[in-house]
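There are 2 protein chains.
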Amino acid sequence: MRFNITVRFLVLLFVCLNACISSSAQIITPANKPNEAQRELVERGYGMFIHFGVNTFTDVEWSDGTIPPGVYNPTNLNPDQWVLTAREAGFRYVLLITKHHDGFCLWDSKYTDYDVASAQVKTDVVKAVAEACKKYGLQFAVYYSLWDRHEPSFNDKDPQKYIDYMLNQLNELFTGYGSICELWLDGGWKRKPSDWGIDQIYQLVKQYNPKCAVSVNHTIVSEAGKRKAVLPSLMTEDNQYFFQYFPSDFRLWDPKIISKFDKKQYLHEGKSYYLPFEHTLCLSSRWNWFQKSAQLAVRELDELQELFYWCTDNDNSLVINVPPDRTGMIREYEALAVIELGKRLGLSENKPLPKNGTFISLLKPAEANSVFSEKDKIYSASYVNDGSLDSRWMAADTLAELIIELNPNDAFNKISIFEYQDTKNLPDGFSQVRNGRIKEYTIDVFTKGVWQTIYLGTEPMGDCKVIRLPKNYTASKMRFKVLKATAMPSLYELSVICMR
Amino acid sequence: MRFNITVRFLVLLFVCLNACISSSAQIITPANKPNEAQRELVERGYGMFIHFGVNTFTDVEWSDGTIPPGVYNPTNLNPDQWVLTAREAGFRYVLLITKHHDGFCLWDSKYTDYDVASAQVKTDVVKAVAEACKKYGLQFAVYYSLWDRHEPSFNDKDPQKYIDYMLNQLNELFTGYGSICELWLDGGWKRKPSDWGIDQIYQLVKQYNPKCAVSVNHTIVSEAGKRKAVLPSLMTEDNQYFFQYFPSDFRLWDPKIISKFDKKQYLHEGKSYYLPFEHTLCLSSRWNWFQKSAQLAVRELDELQELFYWCTDNDNSLVINVPPDRTGMIREYEALAVIELGKRLGLSENKPLPKNGTFISLLKPAEANSVFSEKDKIYSASYVNDGSLDSRWMAADTLAELIIELNPNDAFNKISIFEYQDTKNLPDGFSQVRNGRIKEYTIDVFTKGVWQTIYLGTEPMGDCKVIRLPKNYTASKMRFKVLKATAMPSLYELSVICMR
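For the protein sequence lines, the chains are P and S, in the order given. Take the first sequence: its position 318, counted from the start at 1, is 343 in my numbering, and no numbers get skipped. Take the second sequence: its position 262, counted from the start at 1, is 287 in my numbering, and no numbers get skipped.
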């Protein structure tokens, strides 16, 4: 519901508050070393992301703010089940979409009618999730879209009008629902960074909870003051890149993945600040975030497991999106997938997050007998073990092979391969049909002067193939040999790993 | 090498021996209850079958006895590696092909020149394997083909001529290579059962080792004295079927699989005898037994694991064929597959063989909305949980579904599905390309009045799909729903299982 009287009063209150906050140096927490909000973010490490809202009922990912609230109509809304699933799966926090780009609010906001209070099912979902988190011992985090395609003040020529709207809503969220450990802001590309009032938001949040970690999607750019985005996989040097949104406590770039050589120091006005990275991955093998009416498959557990290790390693964190469907519940087979993943990983609230083994192939000399567009060096063999899931080797021959030199003293017992997939986007603009190219292949090792095959794969690889060996090997070289492919073979990364 | 003088002497010796043996009631060990040879066979339970010989070098399965011994030419013969692999994989015995239908002997037999002594690599493979078994603490078993396509006496009009040849060779095997725990006889279909001298062979073997278990492939028939074979999966009643070859200590029918309701009592001349079953499976997903020059894929570990449980359960045993290649070694990726299998199963020489969980769906009412050729009842829904891997349900509609009623008090946490495969035989007459039909499907459970999907599969099922649930379920019904198939869906068996 909308109470216009309150708006003006609160805006006034915030102006006063902000004045007070600005005078307090303590409130600005980014620093050269991890602050407490950041230490806790890294320690939490693994959260369940929950996309739910009007889009859940429309089979689109980003609706434009015109869908009537009545469309939001879960038949069996059960946020308790969401959080119970999160606990069973070993997640340590829940990150809830409270408002997406469409502007529809999952709580009864005084500042808009575009919310659950106008829908048929009026349950305050933010409250229900916050309370379930308390009940099950998980921390509670909120996603809030800066970009708002419904709220009229968003289009006011005075940017502060909409900033005040956001401050009002965030005030509701941070005062009405207990402790919030993280604020995830999105859609910043729709305005100049300086027009979002990030500093005001940051100060408001820290006023209520200094340990709340705050960030805006696409946090970092390659040039100060310019919108030149930097892929997380390129963030391999300290003090090379710049804040786009300041202050922020962590880096975001949904759904990109950092390098194995991720660095943590970023610049703002000549000073260096520590920033961990929070990853966002979807459970769906179709890469959609809001649930669709059709049941879609989840990613392979092997892929999720390797990505878990990759994303939570090196003091970064990961949220996996597990969206409820139109009934208002997480689908059972999806719940089981994350629970099984947690079981495989051996997650326990009393233990630190588990780690992958040692990557013995990283940056070792790699050569392929075939490289696509070789002179351009954009698909070189060396990209296969450069620690980045964005760069890739691609062959010019479907029967290509690739050899990585290893230290013959380094034992290994696992190989993980991320294969490039041809993707076809579906009408929602997000969902992807993904098709690999490699259908048959071997992994060979060179030991005592001979090559021998230690794995023969005759099933399509999929996004990520994990080969676990029941004993340790050492070899001076390993070879990946394609026996059958439907297009030019291409690998993002091939890692030879020693699990302890 | 052939020493004709010795033949006559030994035949004479055997006639005497046989006369002595026949007068001793102790030597005939089949009985109404398990004898010691049978108890030990069941206790061993899990063996590595090794096919190696001239066929290894020809890409055929059954050669005709005319391949020159020079073709047998391993470049790096290493039987120690075979047995070491068997030990690492948790096998408890090794069953070696000493002579296949081609008649080529893997030891230097005095009674033929068609043996390793005539080849370039003269290593006595029987000796090497027997010694490696002793070294690594495994028991040693031999396969010996009755049918011999090389030995001239096989075609003599007096069947005893060739029986004597066999007795001579078996005498070599049983006196020259230490203790032999099992004798596996094959190819009996090429003569009348009474013309093989099975009783003479049996008596010879028992003379040397009373605890050696002896059997002939296709042991059991449905009518006494007739060649009416009975599938092992139909052996679900005691004293219903008859010995074809007597005496025998166990049943064989390579590579068929018994029913979950396997029975052990079989008739001979009005008396009932106890007979466990020994299964034979190949590691190759192409179902070939002798190694081929091309590297072929191994079966999925999930399939091997479920088959292990099925075959070793209920006091029966299993051998898995892991054939060396032309180098004379087991291929590394194949060795790793059985070692990984042993690790998954938790095999240990000091523990009994592991068991599958409880099958809570067995014989429960099953209904399908579509049955192929329904009036003939040859593909009824009830075949899907009848405990037989030979019978199957087949639908007449690619989008069929099948429902099994469950006891709502029975918990379960695993589902295994054996899908029928279309097969195409390759030129060797054995190797198969296997193609399933079901490409997408769900497993749904009916609980508290609603159906919910607990598994959504969007990859082809393969020979055996195993779905492990991270928590226990109870349901009054479970549904298997096909979402996409390339031909009429057909399942041999769907089992709902509770692992402890």
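Any given hint could turn out to be false.
The list treats identical chains as interchangeable, and a pair is accepted whether it falls inside one copy or across any two copies.
[Unchecked claim] Below are the DSSO-like pairs computed for lysine-lysine, each with C-alpha atoms no more than 27 Å apart in a straight line:
1. Lys-281 x Lys-186
2. Lys-389 x Lys-135
3. Lys-449 x Lys-296
4. Lys-160 x Lys-473
5. Lys-236 x Lys-464
6. Lys-509 x Lys-449
In short, the hints are calculated from the structure, not lab data.
Hints and how they fare:
| no. | hint | in the structure |
| --- | --- | --- |
| 1 | Lys-281 x Lys-186 | neither (32 Å within a copy, 78 Å between copies) |
| 2 | Lys-389 x Lys-135 | neither (59 Å within a copy, 57 Å between copies) |
| 3 | Lys-449 x Lys-296 | neither (43 Å within a copy, 69 Å between copies) |
| 4 | Lys-160 x Lys-473 | between (59 Å within a copy, 25 Å between copies) |
| 5 | Lys-236 x Lys-464 | neither (49 Å within a copy, 49 Å between copies) |
| 6 | Lys-509 x Lys-449 | both (22 Å within a copy, 20 Å between copies) |
Hint check: violations occur at hints 1, 2, 3 and 5; the rest are consistent with the structure.
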